[in-house]
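A.B. asks: Here is what each chain is made of, one letter per residue.
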Amino acid sequence: MKTTLAPQATEASAAPRWSPVRVAAGGVLTLWAGLFWFLLLTGRSSLYLSSRTDWLVPMGAAILTVAAVGRIASARTTHPEAPSRRETWILGAIAVPAVLLLALPPITLGTYSVDRRSSFAGSGIGATARAVTGELDFVDVGAAQSFDAALQQLTARGGEPITLEGIVAEDAGLPADELLLARYIVTCCVADATVARVRVVGVPPGAFAAEDWVRVEGRVYPVGREVLVAAETVEAIPVPDRPYLTP
Amino acid sequence: MAQAVRTARDRTWLLVGGMLLLVAVAARTFDAQQLPWLRNLVIIFGSLLVEAMPFIALGALVSAAIEVFVPASAFAKIALLPRSLQLPAAAISGMAFPVCECGSVPVARRLARKGLAPSAAVTFMLAAPIVNPVVIASTAVAYRGRDTFWVMVLGRFTLGLVVAMVVGWVIGAMRPQDLLRPRGDLEAHEVEDDEPRWRRFFGHLTGDLVFMARFLILGALLAAAIQTFVPQSIVDRVANLPILSLVAMMALAYLMSLCSESDAFVAASFVAFGPSAQLAFLVFGPMVDMKLSALYVGTYSSGFLRTTVIAVGATTLVATMWVQVIWG
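In order, the protein sequences belong to chains A and B. All the letters of the first sequence, read from the start, carry residue numbers 18 to 264 under this note's numbering. All the letters of the second sequence, read from the start, carry residue numbers 707 to 1034 under this note's numbering.
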């Protein structure tokens, strides 16, 4: 439904004037372009995309900037119109996510999703095609929990040193000197995140709480499908620049 | 009267401005520890938008270029071809458009509006996100080293073409005005026919972006809510049941709304399911998912979404049942 236009909007005029509806649309596009530049310049794209897809951010920034500049440059017309109330609300609704993401402090997926996401299966890179021969990491551990070939390779390396960084996940069933360490693996964007988990034993009781980021150095011991890490040192760390791993 | 309209409009501007300010303040003071589900929802919502918006923008750019720089006569010639040739040609031409499913919607809409047969435009729209080289490559990487490598890569490509053509055939001889919803109010403001070409280009670009963005936002919000509240393990129980496993994976693809360029990695992680169920996930998802449903409802006439869901679902199910019989 469209509301009645103001008189000046319906009268044709020879001299071009700013069209409020075009300026408003240009403003919303500027906001979105600003969001993509913000993500690019602050490095916060890593909170939403994997390292494989972060090229989308400069692409989005460039196209949206061109669209915004082009719209505002062509916003003067001989038939300027103001947006109806409905159109104003639509433009406002489109602006909401950009404002939200611009204003939001840097946050990452927490332990809420650990039990709701499928376990990491390593896919092509982490599992069958990638031999577990280099320095062990979370991707190797996740692959071993899903594929026999990777599990056999990891089992053969049982007792070797490993260093892992991840978030402490809640598990009420664990003894006081153990914790569940999880790390999200993101292929494209956070919506496709899968989770790799290890059980860490030999942790100082009560030293860490759920949602804490920690670095664990110890030795790895696959026990069936479960992977245990006997901790030698466990220390709290800040959230890494790249909180999600890419396989 | 005019004064009343102006006052109402000013009040709306104030309300919208207030809403945006409120969102900014709420986001700034958000305590992530207090509401973990909301944190989860906001991050997934944001990630879907940050990933999809550049593709929507690219699709709108291509769409505007088609509108302004490609003469309608070019499409009129294609429209003269028999439908038996148009549909395969449209499906194969999807190989030349390496974007995910969100980007192909504005392009297909523009192609139909410019005179390409709607059935061919829809075939292109459905095939492009599956058969383009980037998606083929990502599928190959995801299944590299597995026994089912060729089944997955060739199966996805072939089924993508077949299902897209079947839907195009179902759409039949529908006219563009029957398929497409009328232009929105905002779009109508964006372009005037007597403007120079560069102004019309930016008018169409803005119109398409604003039109698609609202439906993308709605779909991303729904998909994020589903991902937040529905655990993925819900489908594990039916992994070994012949037909239910296929249906479950299609349902999961619908709910997760993943980009076609990454979904193979997620499908590969469902190791409890056989290749046929994973194929069902990889073929159905890029054609019909929650964010696409919102885009389809906004772009096409009522009934299109229902027809597409049924046609894509039935064809994918039948085809993957054959795969299940042969490969498990």
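These aren't lab readings, by the way, just hints derived from the structure by calculation. Note that beta-carbon positions come from the ideal geometry of N, C-alpha and C, so glycine has one too. One or more of the hints may lead you astray.
[To be verified] What the simulated footprint calls covered on chain B by chain A, stretch by stretch (three residues with Cβ under 8 Å from a Cβ of chain A suffice, anywhere in the stretch; the number is not a length):
| id | region |
| --- | --- |
| 1 | 811–818 |
| 2 | 915–922 |
| 3 | 947–961 |
| 4 | 970–984 |
[Said to hold, decoys possible] Non-contacting residues of chain B with respect to chain A, defined by C-beta distances greater than 12 Å in every case (computed):
| id | residue |
| --- | --- |
| 5 | A732 |
| 6 | P777 |
| 7 | A879 |
| 8 | L1023 |
A.B. asks: Now tell me, hint by hint, if it's right for this structure.
C.D. replies: Status of each hint after checking the structure:
Beta-carbon proximity to chain A at under 8 Å applies to 0 residues in the region 811–818 of chain B; the threshold of 3 is not reached and the given coverage is violated. Restraint check on the region 915–922 of chain B versus chain A: 4 residues with Cβ-Cβ distances below 8 Å, three needed, restraint holds. Given a C-beta distance limit of less than 8 Å, the hint that chain A covers the region 947–961 of chain B is violated, as 0 residues qualify and 3 are needed. With a threshold of 8 Å between beta carbons, the proposed coverage of the region 970–984 of chain B by chain A holds, since 7 of its residues qualify and at least three are required.
For A732 (chain B), the condition that its CB be more than 12 Å from all CB atoms of chain A is violated, with the nearest at approximately 8 Å. The beta carbon of P777 (chain B) sits about 22 Å from the closest Cβ of chain A, which is more than 12 Å, so the claim that it is off the interface holds. Distance check for A879 (chain B) against chain A: the nearest CB is about 33 Å away, which clears 12 Å, and the non-interface claim stands. Residue placement check: L1023 (chain B) keeps its beta carbon more than 12 Å from all beta carbons of chain A (closest about 22 Å).
When the structure is compared with the earlier hints, violations turn up for hints 1, 3 and 5 and for no others.
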